[in-house]
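Each chain, written out:
2 protein chains.
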Amino acid sequence: MGDYRRVWIHERQGTVNLGTQALSIIGVPDFPEVAGGDCLGTLITSVLRSSTISVSHNDIFVIAQKIVSKAERRIVHLDKVRPSAMARAWGNAHDKDPRLIEIVLSQTRRIVRMERGNLIVENLQGFVCANAGVDSSNVSKGTVSLLPKDCDQSASRIREELEQEFGVALSVIIADTFGRPWRRGLVDVALGVSGLAPLLDYRGKQDSFGNVLKATLIAVADELASAAELVMGKTEGIPIALIRGFGYDVSSGCAQEMIRPAEEDLFR
Amino acid sequence: MGDYRRVWIHERQGTVNLGTQALSIIGVPDFPEVAGGDCLGTLITSVLRSSTISVSHNDIFVIAQKIVSKAERRIVHLDKVRPSAMARAWGNAHDKDPRLIEIVLSQTRRIVRMERGNLIVENLQGFVCANAGVDSSNVSKGTVSLLPKDCDQSASRIREELEQEFGVALSVIIADTFGRPWRRGLVDVALGVSGLAPLLDYRGKQDSFGNVLKATLIAVADELASAAELVMGKTEGIPIALIRGFGYDVSSGCAQEMIRPAEEDLFR
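Sequence lines, in order, name chains U and V. For the first sequence, counting from 1, position 230 maps to 230 in our numbering; every step adds exactly one. For the second sequence, counting from 1, position 223 maps to 223 in our numbering; every step adds exactly one.
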C-alpha cells in the first residue's frame with residue numbers, strides 16, 4: 001500500500017489547470033443489485049475490473065444515492081410504521097399513504113411548504129427538498145428508502161475504499177434527483193462530496209474585458225451530478241457514472257458547504 | 001441542399017435509444033469576440049472548420065447566452081438610462097448603480113423578492129432569476145447585457161443555420177447561469193432549446209422492481225446546460241460546447257415548457 005500512496009499523495013499536491021476543455025461521462029453498466037451491508041467500494045471495483053473501463057487519476061465517481069442508502073440499510077418497511085394524527089390527516093387528504101408521510105416527517109427538521117399535497121421540507125441534514133428525500137422507486141414494494149444519514153461521510157468512506165483499490169486520487173459525489181421551485185422537471189444535485197471543492201469561486205477574478213466578477217460562485221458538484229444523470233437514467237440500472245477530464249484541485253470540501261445559510265434564504 | 005436534407009429528415013424520424021452510456025463534452029476553443037449583427041451559425045461553422053472538432057448527427061450545441069445577446073444587439077449603455085425613483089431608491093440603499101436597477105426593472109414582469117439587496121424577478125419571458133438576467137460580466141465596461149428577447153427562437157434560428165452548414169440533424173441549447181433558493185452557487189440552465197425535448201418523462205414507466213414511477217420528469221435540457229458549463233468556465237472565453245453521445249429523439253420542444261405554471265408554484 002505504501003508505494004502507491006506516496007504516488008498519489010504527490011499527485012494530489014500538484015495543481016490541476018482549471019481550463020479543461022473536454023470531458024467524458026461514462027455510465028458503469030451491469031451493476032448488481034445492492035443489499036444492506038454491502039461494501040460499495042468492493043462492488044464498484046469488481047464491476048469495473050470485469051469491464052473495459054479503466055480508472056485514472058482524478059476521475060470522479062458519481063453514485064446514485066439509492067444504492068448508498070441500500071448498502072447503509074436505510075430502507076424502511078411501511079408495515080412497521082405507525083402514522084401520527086398529522087400524517088394520517090395529510091395522507092388521507094391527499095391520497096397518500098399515511099405511513100409514508102410519517103416516515104417523511106421523521107426525517108424532517110423544518111417544514112418549508114405543506115400545501116396542495118406537496119411536502120417541501122428541510123431534512124435532518126439540512127437539504128431542502130420534497131418528502132425529505134424519502135422515495136419508493138427502485139426499492140422492493142412495501143419499502144421506501146431514506147437518504148444516507150451523512151452523505152459527505154458516505155462519500156468520504158467510498159472514496160477511501162476506491163483509492164485503496166485503484167491506487168490513484170479520486171473524487172466521489174453522491175447524487176440525488178431534486179425539484180426546483182420555478183422550473184419544471186428534476187435535476188440531479190450533489191448530497192455528498194469527497195475529494196473536490198463543490199463550489200468554484202470566480203469572485204474577484206477578471207473576465208476578458210477586465211471586469212471583476214462579483215457574484216460568480218459555481219456549484220460544480222451539482223453540475224457534475226447533473227451531467228452524470230444524463231448517462232444514468234432512472235430505469236436502466238446504471239447507478240454509477242465516471243467523469244473524466246474535469247480539472248480540479250483536490251480539496252477537503254463537502255456538500256454541506258452548498259447549503260444556503262438561513263440568513264441568506266429568501267424563500268423559507 | 002435537397003439531398004442532405006432528405007438524409008437528415010430520414011434520420012430525424014428514426015428513434016434513438018435512450019439507454020446511452022457514454023457522452024463527451026467538448027469545449028470549442030478560440031472563439032472570436034462576437035459583435036452586434038454577427039451570424040452565430042457562420043461564426044461557429046468557421047471556428048469548427050478550422051479546428052480538429054468534427055460535427056456528427058445529433059450533436060448538441062450548448063451556447064452561452066452572452067454571445068447570443070451580443071449578436072442580437074441586446075447590449076445597453078448605462079449612460080443612456082434615466083433611472084426611475086424606485087430604481088434610485090433601491091440602488092442607493094444597496095450600493096448598486098440605479099441605472100442598472102432601472103434596466104432590470106425594464107426586463108421584469110413580476111417582482112418575486114426585493115429584499116436584502118436581492119432582486120429576484122420573473123422576467124418578460126417568464127424566467128424567475130436574479131436581476132432579470134441583466135449582467136455586466138464579459139461585456140465592455142459601461143454596458144450590460146440583456147437576455148435574448150426570445151431564447152427559443154434564437155436557439156431555433158442558430159440550429160437551422162448549423163444544420164444547413166453541416167448537413168446533419170443537430171440540437172441547440174442557449175444556457176445561462178442561475179442561482180437556486182436553498183443551495184449556494186450557480187448552475188447553468190437552458191433558456192432556449194431547439195431540436196430536443198427539454199423534459200424527459202419517466203412517469204408511468206416501471207423501475208427494475210416493477211414500481212410505476214410517479215413523479216419523475218427529468219429536466220435534461222438543464223442537465224445538458226450544466227454539463228456544458230463544466231468545460232466553458234467563466235473567464236476562459238469558451239462560450240460554446242458540443243455534447244456528443246446523448247441519445248434523444250428529435251422533438252419540437254422548447255425551453256418555455258420548463259417554466260412552472262403559476263398554479264403549481266409554491267414560492268411566488
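It is worth saying that the hints were derived from the structure and are not from the lab. One or more hints might be untrue.
When chains are identical, the list treats them as one kind, so a pair holds in a single copy or across two.
[What the hints assert, rightly or not] Below 25 Å or equal to it, Euclidean Cα-Cα: the simulated BS3-like pairs (lysine-lysine) are: (1) Lys141 to Lys80; (2) Lys149 to Lys80; (3) Lys141 to Lys96; (4) Lys149 to Lys205; (5) Lys80 to Lys205; (6) Lys96 to Lys80; (7) Lys141 to Lys214; (8) Lys96 to Lys205; (9) Lys205 to Lys141; (10) Lys214 to Lys96.
How the hints compare with the structure:
Taking CA atoms no more than 25 Å apart as the test, Lys141 paired with Lys80 passes inside one copy only; the shortest distance there is 14 Å, against 64 Å between copies. When the C-alpha separation of Lys149 and Lys80 is checked against a cutoff of 25 Å, the pair qualifies only within one copy, where the shortest distance is 20 Å, while the shortest distance between copies is 55 Å. Proximity of Lys141 to Lys96 under the C-alpha cut-off of 25 Å is restricted to the intra-copy arrangement: shortest distance 15 Å within a copy versus 55 Å between copies. Taking the shortest alpha-carbon separations for Lys149 and Lys205, neither the intra-copy value of 37 Å nor the inter-copy value of 29 Å comes in at or below 25 Å.
Taking the closest pair of Cα atoms, Lys80 and Lys205 never come within 25 Å of each other, the shortest separation being 55 Å inside a single copy and 28 Å across copies. Taking the shortest alpha-carbon separations for Lys96 and Lys80, only the intra-copy value of 17 Å comes in at or below 25 Å, while the best inter-copy value is 56 Å. In this homomeric assembly, Lys141 and Lys214 come within 25 Å of each other (Cα to Cα) only across copies, at 14 Å, whereas the closest approach inside a single copy is 49 Å. Proximity of Lys96 to Lys205 under the C-alpha cut-off of 25 Å is restricted to the inter-copy arrangement: shortest distance 20 Å between copies versus 50 Å within a copy.
When the C-alpha separation of Lys205 and Lys141 is checked against a cutoff of 25 Å, the pair qualifies only between copies, where the shortest distance is 15 Å, while the shortest distance within a copy is 52 Å. Only between protomers do Lys214 and Lys96 lie at most 25 Å apart by alpha-carbon distance; the minimum there is 12 Å, versus 45 Å within a single protomer.
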